[in-house]
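Undergrad: Chains as they are written, first to last, in this note's numbering: chain A, 29 to 306; chain B, 29 to 306; chain C, 29 to 306; chain D, 29 to 306.
One thing to keep in mind: the hints can contain errors.
Note that identical chains are pooled: a pair holds if it fits in a single copy or bridges any two copies.
What the hints assert, rightly or not - With a Cα cut of at most 30 Å, we get these calculated DSS-like pairs of lysine-lysine: (1) K181 <-> K261; (2) K70 <-> K271; (3) K139 <-> K304; (4) K291 <-> K268; (5) K134 <-> K70; (6) K291 <-> K193; (7) K142 <-> K235; (8) K268 <-> K181; (9) K281 <-> K145; (10) K270 <-> K235; (11) K134 <-> K79; (12) K84 <-> K161; (13) K300 <-> K145; (14) K258 <-> K75; (15) K258 <-> K304; (16) K291 <-> K235; (17) K53 <-> K246; (18) K222 <-> K135; (19) K302 <-> K261.
These aren't lab readings, by the way, just hints derived from the structure by calculation. What you are looking at is a predicted structure, and each value in this text was computed from that prediction instead of being measured.
Number of protein chains: 4
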Amino acid sequence: MSKLTVNKIGIIARYDSQEIIQETKKLIKFLENENIETTINKETAEKIGVKGTPIKQMTDCDLVITVGGDGTILRTFHELPQQIPVVGINKGEVGFLTDIEMDNYKKELKKIIKEFKVDKRTRLEVNINQGEKLPPATNEVVILTSEPAKMLKLRVLVDGKEVEKFGADGIIIATPTGSTAYSMSAGGPIVDPKVEAFLLVPIAPYKLSARSIVIPSKSNIEIELIRKGKHAKVIVDGQKTKKVEEGDIITFKEAENPALFVKVEGQDFYSKIKEKLM
Amino acid sequence: MSKLTVNKIGIIARYDSQEIIQETKKLIKFLENENIETTINKETAEKIGVKGTPIKQMTDCDLVITVGGDGTILRTFHELPQQIPVVGINKGEVGFLTDIEMDNYKKELKKIIKEFKVDKRTRLEVNINQGEKLPPATNEVVILTSEPAKMLKLRVLVDGKEVEKFGADGIIIATPTGSTAYSMSAGGPIVDPKVEAFLLVPIAPYKLSARSIVIPSKSNIEIELIRKGKHAKVIVDGQKTKKVEEGDIITFKEAENPALFVKVEGQDFYSKIKEKLM
Amino acid sequence: MSKLTVNKIGIIARYDSQEIIQETKKLIKFLENENIETTINKETAEKIGVKGTPIKQMTDCDLVITVGGDGTILRTFHELPQQIPVVGINKGEVGFLTDIEMDNYKKELKKIIKEFKVDKRTRLEVNINQGEKLPPATNEVVILTSEPAKMLKLRVLVDGKEVEKFGADGIIIATPTGSTAYSMSAGGPIVDPKVEAFLLVPIAPYKLSARSIVIPSKSNIEIELIRKGKHAKVIVDGQKTKKVEEGDIITFKEAENPALFVKVEGQDFYSKIKEKLM
Amino acid sequence: MSKLTVNKIGIIARYDSQEIIQETKKLIKFLENENIETTINKETAEKIGVKGTPIKQMTDCDLVITVGGDGTILRTFHELPQQIPVVGINKGEVGFLTDIEMDNYKKELKKIIKEFKVDKRTRLEVNINQGEKLPPATNEVVILTSEPAKMLKLRVLVDGKEVEKFGADGIIIATPTGSTAYSMSAGGPIVDPKVEAFLLVPIAPYKLSARSIVIPSKSNIEIELIRKGKHAKVIVDGQKTKKVEEGDIITFKEAENPALFVKVEGQDFYSKIKEKLM
Numbered sequence: 029m030s031k032l033t034v035n036k037i038g039i040i041a042r043y044d045s046q047e048i049i050q051e052t053k054k055l056i057k058f059l060e061n062e063n064i065e066t067t068i069n070k071e072t073a074e075k076i077g078v079k080g081t082p083i084k085q086m087t088d089c090d091l092v093i094t095v096g097g098d099g100t101i102l103r104t105f106h107e108l109p110q111q112i113p114v115v116g117i118n119k120g121e122v123g124f125l126t127d128i129e130m131d132n133y134k135k136e137l138k139k140i141i142k143e144f145k146v147d148k149r150t151r152l153e154v155n156i157n158q159g160e161k162l163p164p165a166t167n168e169v170v171i172l173t174s175e176p177a178k179m180l181k182l183r184v185l186v187d188g189k190e191v192e193k194f195g196a197d198g199i200i201i202a203t204p205t206g207s208t209a210y211s212m213s214a215g216g217p218i219v220d221p222k223v224e225a226f227l228l229v230p231i232a233p234y235k236l237s238a239r240s241i242v243i244p245s246k247s248n249i250e251i252e253l254i255r256k257g258k259h260a261k262v263i264v265d266g267q268k269t270k271k272v273e274e275g276d277i278i279t280f281k282e283a284e285n286p287a288l289f290v291k292v293e294g295q296d297f298y299s300k301i302k303e304k305l306m
Numbered sequence: 029m030s031k032l033t034v035n036k037i038g039i040i041a042r043y044d045s046q047e048i049i050q051e052t053k054k055l056i057k058f059l060e061n062e063n064i065e066t067t068i069n070k071e072t073a074e075k076i077g078v079k080g081t082p083i084k085q086m087t088d089c090d091l092v093i094t095v096g097g098d099g100t101i102l103r104t105f106h107e108l109p110q111q112i113p114v115v116g117i118n119k120g121e122v123g124f125l126t127d128i129e130m131d132n133y134k135k136e137l138k139k140i141i142k143e144f145k146v147d148k149r150t151r152l153e154v155n156i157n158q159g160e161k162l163p164p165a166t167n168e169v170v171i172l173t174s175e176p177a178k179m180l181k182l183r184v185l186v187d188g189k190e191v192e193k194f195g196a197d198g199i200i201i202a203t204p205t206g207s208t209a210y211s212m213s214a215g216g217p218i219v220d221p222k223v224e225a226f227l228l229v230p231i232a233p234y235k236l237s238a239r240s241i242v243i244p245s246k247s248n249i250e251i252e253l254i255r256k257g258k259h260a261k262v263i264v265d266g267q268k269t270k271k272v273e274e275g276d277i278i279t280f281k282e283a284e285n286p287a288l289f290v291k292v293e294g295q296d297f298y299s300k301i302k303e304k305l306m
Numbered sequence: 029m030s031k032l033t034v035n036k037i038g039i040i041a042r043y044d045s046q047e048i049i050q051e052t053k054k055l056i057k058f059l060e061n062e063n064i065e066t067t068i069n070k071e072t073a074e075k076i077g078v079k080g081t082p083i084k085q086m087t088d089c090d091l092v093i094t095v096g097g098d099g100t101i102l103r104t105f106h107e108l109p110q111q112i113p114v115v116g117i118n119k120g121e122v123g124f125l126t127d128i129e130m131d132n133y134k135k136e137l138k139k140i141i142k143e144f145k146v147d148k149r150t151r152l153e154v155n156i157n158q159g160e161k162l163p164p165a166t167n168e169v170v171i172l173t174s175e176p177a178k179m180l181k182l183r184v185l186v187d188g189k190e191v192e193k194f195g196a197d198g199i200i201i202a203t204p205t206g207s208t209a210y211s212m213s214a215g216g217p218i219v220d221p222k223v224e225a226f227l228l229v230p231i232a233p234y235k236l237s238a239r240s241i242v243i244p245s246k247s248n249i250e251i252e253l254i255r256k257g258k259h260a261k262v263i264v265d266g267q268k269t270k271k272v273e274e275g276d277i278i279t280f281k282e283a284e285n286p287a288l289f290v291k292v293e294g295q296d297f298y299s300k301i302k303e304k305l306m
Numbered sequence: 029m030s031k032l033t034v035n036k037i038g039i040i041a042r043y044d045s046q047e048i049i050q051e052t053k054k055l056i057k058f059l060e061n062e063n064i065e066t067t068i069n070k071e072t073a074e075k076i077g078v079k080g081t082p083i084k085q086m087t088d089c090d091l092v093i094t095v096g097g098d099g100t101i102l103r104t105f106h107e108l109p110q111q112i113p114v115v116g117i118n119k120g121e122v123g124f125l126t127d128i129e130m131d132n133y134k135k136e137l138k139k140i141i142k143e144f145k146v147d148k149r150t151r152l153e154v155n156i157n158q159g160e161k162l163p164p165a166t167n168e169v170v171i172l173t174s175e176p177a178k179m180l181k182l183r184v185l186v187d188g189k190e191v192e193k194f195g196a197d198g199i200i201i202a203t204p205t206g207s208t209a210y211s212m213s214a215g216g217p218i219v220d221p222k223v224e225a226f227l228l229v230p231i232a233p234y235k236l237s238a239r240s241i242v243i244p245s246k247s248n249i250e251i252e253l254i255r256k257g258k259h260a261k262v263i264v265d266g267q268k269t270k271k272v273e274e275g276d277i278i279t280f281k282e283a284e285n286p287a288l289f290v291k292v293e294g295q296d297f298y299s300k301i302k303e304k305l306m
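Extracted from the complex, chain A is given alone in its bound form (with noise of 0.2 Å):
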């Protein structure tokens, strides 16, 4: 966790509701004052009337800010052209990925524009038929149904050595920072950041004795399809879909490059779980 300092800020804002848009304005104007450069992303920058930048072409920048929910800062590494620091301003409901309440943004800006350190989380590396990779998943990679009740049949490999074959709406993969996403509400534990682990968690399995797996984050995980005329989709941090079927195999590793996050104050893990699921 090296301390860095700032000159350019990207800002990725949700663009479907105009308080975000008018808050995001004020951001812009409160960093100028800082003596910060700033450049937005198109679709907000479109609606606020300024010139935008696309995610991807945000190279300069030594920090973006994200304003919403914890949807855009999962958006926000899918698109990042490389490794970035995000922090995110939280506009949305319970998050556990955006440290800064809008109330008081500026305090915390002003410390993290004058130095801050980085939190370096695992991300998945997500391959269907050893071909088409999907984004890096921050949280999760979900295998689903596409007919609800409807189970898949699953088969789960670790290194290469069948772990467990069951029928299930899905399975769930997911990095220490996911297991108080969507893996906890199937019942998944809750997992260190700092555990070098990931997360194998069945959804609805029928076998009653499906139980959740943590397994080392630097193995090989292979789920294979083997129910005969059934679709699933394959779905990275609850934003991209990729449809999938019978005999398609999905493999998991560790991304190469973790998603970065800012270190705010006051926000580590332990803090977050007994405020926000206590």
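Using the hints provided, position chains B, C and D relative to the given structure of chain A.
TA: Chains B, C and D alone, transformed into the frame defined by chain A:
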């Protein structure tokens, strides 16, 4: 559980498997040899090359035999025009509703033709916005998000009183008969069919405290979708799907008519649990 | 739920807290001012310096008021000589059985003295080896290993039929009233008190497939300890403990007499769940 | 996992079963025929009628063979004076730690005598009030109420930070090796032994939201008993029990020395899960 005898039998068989069609032919021959009049569902009859009867017109049958899995029985109950007892010959995967194995149906059917008892199973009546009625559910009704990993917000009322409000992928409303089906995969308890109750089981609830609730079968259950812009599906017995959306209220109560199952010796509830689940 | 009026009230208060004893004195004065005759349980009476009555002799009371927590109510029901309605003033932690808060009992008691309705709650009759009877359980009976981390082997029969055999730390047999108490901690569902059923909930079962089972309250339940050399405890409502061992059979059925709770406005089952659990 | 060879073997066998003592005699003869020097634990040696060695003095053995179940192995690791590799011959119930079946131990032992590899399994060091040390746990440490159905109040700190405070019957702190033992019965996830982590699993928590937590094995864990007047037990590997009470703080960290298991072909972690749990 009155004793009944049989003159005419309706046969309803899966028609997407050549093997099942062949077995159905033999079954018809067997029943004719036993001096039982038979009629077959239209689709299967066509494949066999005889004249069939739409299920909705099987009004003069004393008994219906299904050939297939649990799905075939569930669909049969959705379409049967009146209260006719049903028995299933299993030609699928593990089944909780099909009580006769394909290998030795002759012995069982000979007994049933002579005399049989009926097991009445409570069903759920489903109504959307006090208007459209769906077929009564023998197992369960599932309300499920149409966008996986984007949760619904549900408000549950029992007899007009709000019981809970929570975010989840969906909710299951199950009969005791359905407690060993999809409800169980989602973590619901097993409910003896003699208990006069329905089960409410959340699917992937975000609130950690969401629990299964067992409520009297005489209750009126209302489930309201309260999140802006969300779409969902209502799925009856995994067979019939209906789209719903924000603001829709789905109501449930005990159906006037139960599902009538022919009682087969040795196939009581707890024997099945031991055999199929443990 | 018939309406009843009150002439004489039995008071049963915890006597291990000086604060509760002071409050009980005030309660007695309040009731005397309302022209209600009172009698107090012997132990508390002694601390106050008046003449008391053993609970078992409170035969001429129209109503019993407890002062304490859920434990005080549960013990009261174990000892009351006959069917007397009980209402609890809460002076403990979160309580599901105590319906009146200490802060404003006067208003509630004035209403109750004039007229009240009774809520009948099913209890469990517990019998060891067809001989010794334990007090009827309002919440639950727990069978638990005496040597933590050394599991019991249990055989469960419902109406003479074996339902399951499994290794576990123990098992809970709960009433619907008890479904929000210890049973819930062990993973059991919430059961509406109007459902005529009991709950079987395994405690730390070794078999991953062991599930909660909801069975009709008219059932006869037998639980047999089948592992060599193992000792266990039978605990009724967390209050009364009895040792059992290998070969012992503990039987359960609906108690002849329910527990009678005074109905307090606004304190229905679902309001409590929302307030205390969600 | 270095390769090792064998000159002297310590044998530690259950001595409460005549059958195991007979088998142990044969095992000694078999090893002598293989030109291996043996020594037997004192208690079993007495029953056989030879001179034995206290386990604590088996310092010159290259290998220890246990005869019994998982309990025998766990006790062996508590008493072994130094880092000696252990392999278990199973003569008990389903075992996750004993890798050789009684029926065909000769073949396996011949291979091991020639050469074997060692699997190092992380253990937990347990300390009460920064003073008394208990034996290091191979599977888990359980903190459990001494009065069943009367819950403890626990405060959990990880690296000095409060993670949660909750009421429960107890808590399990497990190693990955222990994740398939008692922890699993209490609802914990399965953790691959290659993951450098410990598991915190609540036992019958009153708070519905209490979850299993996976934390780095480098963490310092503190658990404080904070309820007035409550007594509890600390149980190491189901073998060693120590009483604790209100105000006591039990601390946990990775033990300096891991448990050394002889690797037996075909007995990897996932094979065992498939064979024993699914």
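Undergrad: Can you list which hints this structure breaks, lowest number first?
TA: The structure breaks hints 7 and 17; every other hint is satisfied.
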